[in-house]
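Peer 1: Here's the letter readout for the chains.
Protein chains: 2
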Amino acid sequence: MAELEDRLLRVAADFDNYKKRAAREREEYVAHANERLVKELLPILDDLERALDAVGQHEEATVEDGVRLVHRSLAALLEKNGVREIATEGMFDPHVHEALLSQPSEAQEGSVIDVVQKGYTLGDRVVRPARVVIASAPAAQEPDA
Amino acid sequence: MAELEDRLLRVAADFDNYKKRAAREREEYVAHANERLVKELLPILDDLERALDAVGQHEEATVEDGVRLVHRSLAALLEKNGVREIATEGMFDPHVHEALLSQPSEAQEGSVIDVVQKGYTLGDRVVRPARVVIASAPAAQEPDA
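First to last, the sequence lines map onto chains A and B. Following the numbering used here, the numbering of the first sequence begins with 4 at its first residue and continues without gaps. Following the numbering used here, the numbering of the second sequence begins with 4 at its first residue and continues without gaps.
Hints listed in this document are in silico derivations from the structure and should not be mistaken for laboratory results. Errors might be hidden in some of the hints.
A pair holds if it fits inside one copy or across any two, identical chains being indistinguishable in the list.
Said to hold, decoys possible - Here are the simulated EDC-like pairs of lysine to aspartate or glutamate, each with C-alpha atoms no more than 16 Å apart in a straight line:
id	residue 1	residue 2
1	K22	E82
2	K121	E101
3	K83	D127
4	K121	D50
5	K121	E88
6	K83	E63
7	K23	E92
8	K121	D49
9	K42	E88
10	K121	E43
11	K42	D127
12	K42	E8
13	K121	E82
14	K121	E52
Put together the whole structure using the sequences plus the hints.
Peer 2: Given below as structure tokens:
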């Protein structure tokens, strides 16, 4: 009896400690996850500030190189963190596309004919659907007069 | 006795379930923390792509506006996420500054006289120290010949 009671108290105490530690760890995990991304963003902010200086100096070639560099860096950072551009070739897919409008078109009915805003996934989640225009049936031709 | 055993088994089972749930939640928390930041970065990537198009079209005014916009957006995003620029006025502070070199100067010995790379904190942590040049005592003057 005393032994069982003892075990019960010990398990309950372990449980309690575990809960406290888990809550603390959860906070640290979130802070760390953000810190890693933030750290990777700082060199991009540096490059932007250099480009901004070049804007002030009217050094157009430097500004343009800066834009290319910053774009490449940010795209690479997002890709490294699991972000992928959503494909828009072929048929409209309501899971990953958002139809802004449909237009009469010679293309296959229901296929994507224009991308208004690119979409992205993170892992298996859609962070932002691709906003697209889809093809409706071609307008009926006026009979020849 | 049976009642105590029963309680022990129940507490042990609760503990086990809690551990599994905590591990699952921790993963989700991290994924969510990243997802929020990633979501905020996508409009910045959009603006960069517009600036990149303008580079291709040699529309210099649009490129420059784009650089200013992207810089403002990224700086605001980082600030909203708790990132702060480290102050560099006054004396060298080894907790937040990294001395790259010291130069003889009329300024107070040990004060920061130039910033080579800005530093940043996230909450109470230094994400990157400010890289600075500090003042050493002025060089001894040559006696007049």
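Peer 1: As a check of your reading, is K23 near E92 (CA-CA no more than 16 Å) within one copy, between copies, both or neither?
Peer 2: neither (50 Å within a copy, 41 Å between copies)
Peer 1: As a check of your reading, is K121 near D50 (CA-CA no more than 16 Å) within one copy, between copies, both or neither?
Peer 2: Classified as between; 12 Å across copies, 24 Å inside a copy.
Peer 1: Is the C-alpha distance from K42 to E88 at most 16 Å within one copy, between copies, in both cases, or in neither?
Peer 2: Intra 23 Å, inter 13 Å, cutoff 16 Å: inter-copy only.
Peer 1: Please sort K121 with E82 into within, between, both or neither, judging by C-alpha distance up to 16 Å.
Peer 2: within (14 Å within a copy, 26 Å between copies)
Peer 1: Go through the copies and call it for K22 and E82: within, between, both or neither, with a Cα cutoff of 16 Å.
Peer 2: neither (35 Å within a copy, 32 Å between copies)
Peer 1: Indicate which option fits the pair K42, E8 if close means a Cα-Cα distance not exceeding 16 Å: within, between, both or neither.
Peer 2: neither (50 Å within a copy, 52 Å between copies)
Peer 1: Tell me, please, which holds for K121 and E101 at an alpha-carbon limit of 16 Å: within, between, both or neither?
Peer 2: Within one copy only: 10 Å inside, 41 Å across.
Peer 1: For K42 and D127, with the copy left unspecified, which applies at a CA distance of at most 16 Å: within, between, both, or neither?
Peer 2: between (25 Å within a copy, 15 Å between copies)
Peer 1: Is it within a copy, between copies, both, or neither that the alpha carbon of K121 lies no farther than 16 Å from that of E88?
Peer 2: within (7 Å within a copy, 32 Å between copies)
Peer 1: How would you classify K83 and E63 at a CA-CA limit of 16 Å: within, between, both, or neither?
Peer 2: neither (30 Å within a copy, 31 Å between copies)
Peer 1: As a check of your reading, is K83 near D127 (CA-CA no more than 16 Å) within one copy, between copies, both or neither?
Peer 2: Cα proximity of K83 and D127: one copy only (15 Å, versus 27 Å across).
Peer 1: Is it within a copy, between copies, both, or neither that the alpha carbon of K121 lies no farther than 16 Å from that of E43?
Peer 2: Answer is between; shortest inter-copy Cα gap is 14 Å, intra-copy 23 Å.
The structure fails to meet hints 1, 6, 7 and 12 from the earlier list, while all remaining hints are met.
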